[in-house]
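**Q** Here are the chains, one letter per residue:
Protein chains: 2
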Amino acid sequence: MTKLSMHAISAPVFVRMLKNLSSMLSKAEQQAKAKGYDPAILLGARLAPDMLPLTRQVQIATDHAKGAMARLAGHTAEAIEDTETSFAQLQSRIQKVINIVEGYKEEQLVGSESREITIKLPGTELKFDGLTYLNGFAMGNFYFHVTTAYAILRHNGVDLGKRDFLMS
Amino acid sequence: MTKLSMHAISAPVFVRMLKNLSSMLSKAEQQAKAKGYDPAILLGARLAPDMLPLTRQVQIATDHAKGAMARLAGHTAEAIEDTETSFAQLQSRIQKVINIVEGYKEEQLVGSESREITIKLPGTELKFDGLTYLNGFAMGNFYFHVTTAYAILRHNGVDLGKRDFLMS
Numbered sequence: 003m004t005k006l007s008m009h010a011i012s013a014p015v016f017v018r019m020l021k022n023l024s025s026m027l028s029k030a031e032q033q034a035k036a037k038g039y040d041p042a043i044l045l046g047a048r049l050a051p052d053m054l055p056l057t058r059q060v061q062i063a064t065d066h067a068k069g070a071m072a073r074l075a076g077h078t079a080e081a082i083e084d085t086e087t088s089f090a091q092l093q094s095r096i097q098k099v100i101n102i103v104e105g106y107k108e109e110q111l112v113g114s115e116s117r118e119i120t121i122k123l124p125g126t127e128l129k130f131d132g133l134t135y136l137n138g139f140a141m142g143n144f145y146f147h148v149t150t151a152y153a154i155l156r157h158n159g160v161d162l163g164k165r166d167f168l169m170s
Numbered sequence: 003m004t005k006l007s008m009h010a011i012s013a014p015v016f017v018r019m020l021k022n023l024s025s026m027l028s029k030a031e032q033q034a035k036a037k038g039y040d041p042a043i044l045l046g047a048r049l050a051p052d053m054l055p056l057t058r059q060v061q062i063a064t065d066h067a068k069g070a071m072a073r074l075a076g077h078t079a080e081a082i083e084d085t086e087t088s089f090a091q092l093q094s095r096i097q098k099v100i101n102i103v104e105g106y107k108e109e110q111l112v113g114s115e116s117r118e119i120t121i122k123l124p125g126t127e128l129k130f131d132g133l134t135y136l137n138g139f140a141m142g143n144f145y146f147h148v149t150t151a152y153a154i155l156r157h158n159g160v161d162l163g164k165r166d167f168l169m170s
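Here the protein sequences line up with chains A and B, keeping their order.
Every number in our numbering is 2 more than the matching position in the first sequence, counting from 1.
Every number in our numbering is 2 more than the matching position in the second sequence, counting from 1.
Be a bit skeptical, because a hint or two may be false.
Intra- or inter-copy, both count: the list cannot distinguish identical chains.
Calculated lysine to aspartate or glutamate pairs in the EDC-like style (CA-CA distance at most 16 Å, straight line) [to be verified]: (1) K5 to D131; (2) K164 to D52; (3) K29 to D161; (4) K21 to D65; (5) K98 to E80; (6) K5 to E118.
Quick caveat, the hints were computed from the structure, so don't treat them as lab data.
Construct all of the structure, not just a fragment, from the sequences and the given hints.
**A** Right under this line is the structure:
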């Protein structure tokens with residue numbers, strides 16, 4: 003019997019998509035090397051001058067995953083400095099966040115659909131219940147940045163398909 | 003008291019994001035006109051030669067929204083032909099799908115987390131329980147295509163921000 007819970011709609015989604023993001027970055031790095039260009043060029047690639055580059059997409063996606071789990075559990079999210087400058091460092095960050103997400107147990111999120119969650123933004127605050135925060139803010143942000151990472155890679159000629167994005 | 007349910011994690015997400023997609027397309031059309039180019043040029047825009055153009059991103063996003071609601075409720079999804087060639091027609095499609103999604107009531111999805119869902123793909127079938135289908139297939143696909151639509155517009159100079167994508 004499949005059980006609907008706050009944990010079931012958060013942790014497995016983050017973990018699967020972070021693993022897929024990790025695989026996509028591995029493929030991108032390998033393909034760059036095979037084509038004879040520096041993989042780090044991809045890390046600075048963007049879809050528009052006023053959009054964030056690949057490295058930031060990965061950093062922000064991971065932040066939403068660990069942020070969501072922590073907030074739903076009533077913890078303070080572990081801070082990770084945004085200092086990555088290589089594929090290897092981004093892979094470490096993703097693995098670290100997968101470990102963090104996997105560390106949260108089902109019971110830590112029981113009742114979190116009603117937990118009040120406050121997100122501080124420059125000059126304003128967003129207040130949500132836990133369910134609306136997860137569904138209406140954290141998950142949308144998370145998918146936004148993972149998809150944008152995929153789009154940056156595809157736009158730069160990396161050979162990926164939606165299967166890489168979606169399927170584990 | 004916020005209630006976690008299959009309906010709560012599907013319909014409101016689809017509706018909010020479809021409304022945001024509609025607003026983003028309106029802004030794109032208006033900005034194209036203001037800049038003096040044919041908005042229809044955006045409909046054929048892609049991020050890579052082997053990625054789908056904007057029109058298809060909108061069609062597929064809407065298909066996943068109505069498909070998910072129907073499958074979770076045990077219905078056959080209403081077919082919509084992929085014939086749109088203008089912003090106005092895409093707006094009609096989005097509105098039609100919003101109406102379909104809004105037509106599903108909470109009680110129609112009760113227990114759907116355990117419903118067996120089969121997705122037929124060319125040469126294969128995917129079998130899921132309803133929760134895994136929604137979380138691991140339909141929602142990921144939906145966000146993928148809405149985000150890609152956003153990315154195509156941004157890449158083509160349309161002035162949008164993540165607030166347009168995420169906030170209603």
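**Q** Indicate, hint by hint, whether the structure satisfies it.
**A** Going down the list of hints, with the structure as the test:
no., hint, result
1, K5 to D131, "between (21 Å within a copy, 10 Å between copies)"
2, K164 to D52, "between (25 Å within a copy, 12 Å between copies)"
3, K29 to D161, "within (8 Å within a copy, 32 Å between copies)"
4, K21 to D65, "within (15 Å within a copy, 26 Å between copies)"
5, K98 to E80, "within (11 Å within a copy, 43 Å between copies)"
6, K5 to E118, "between (23 Å within a copy, 14 Å between copies)"
Checked against the numbered hints above, the structure violates none of them.
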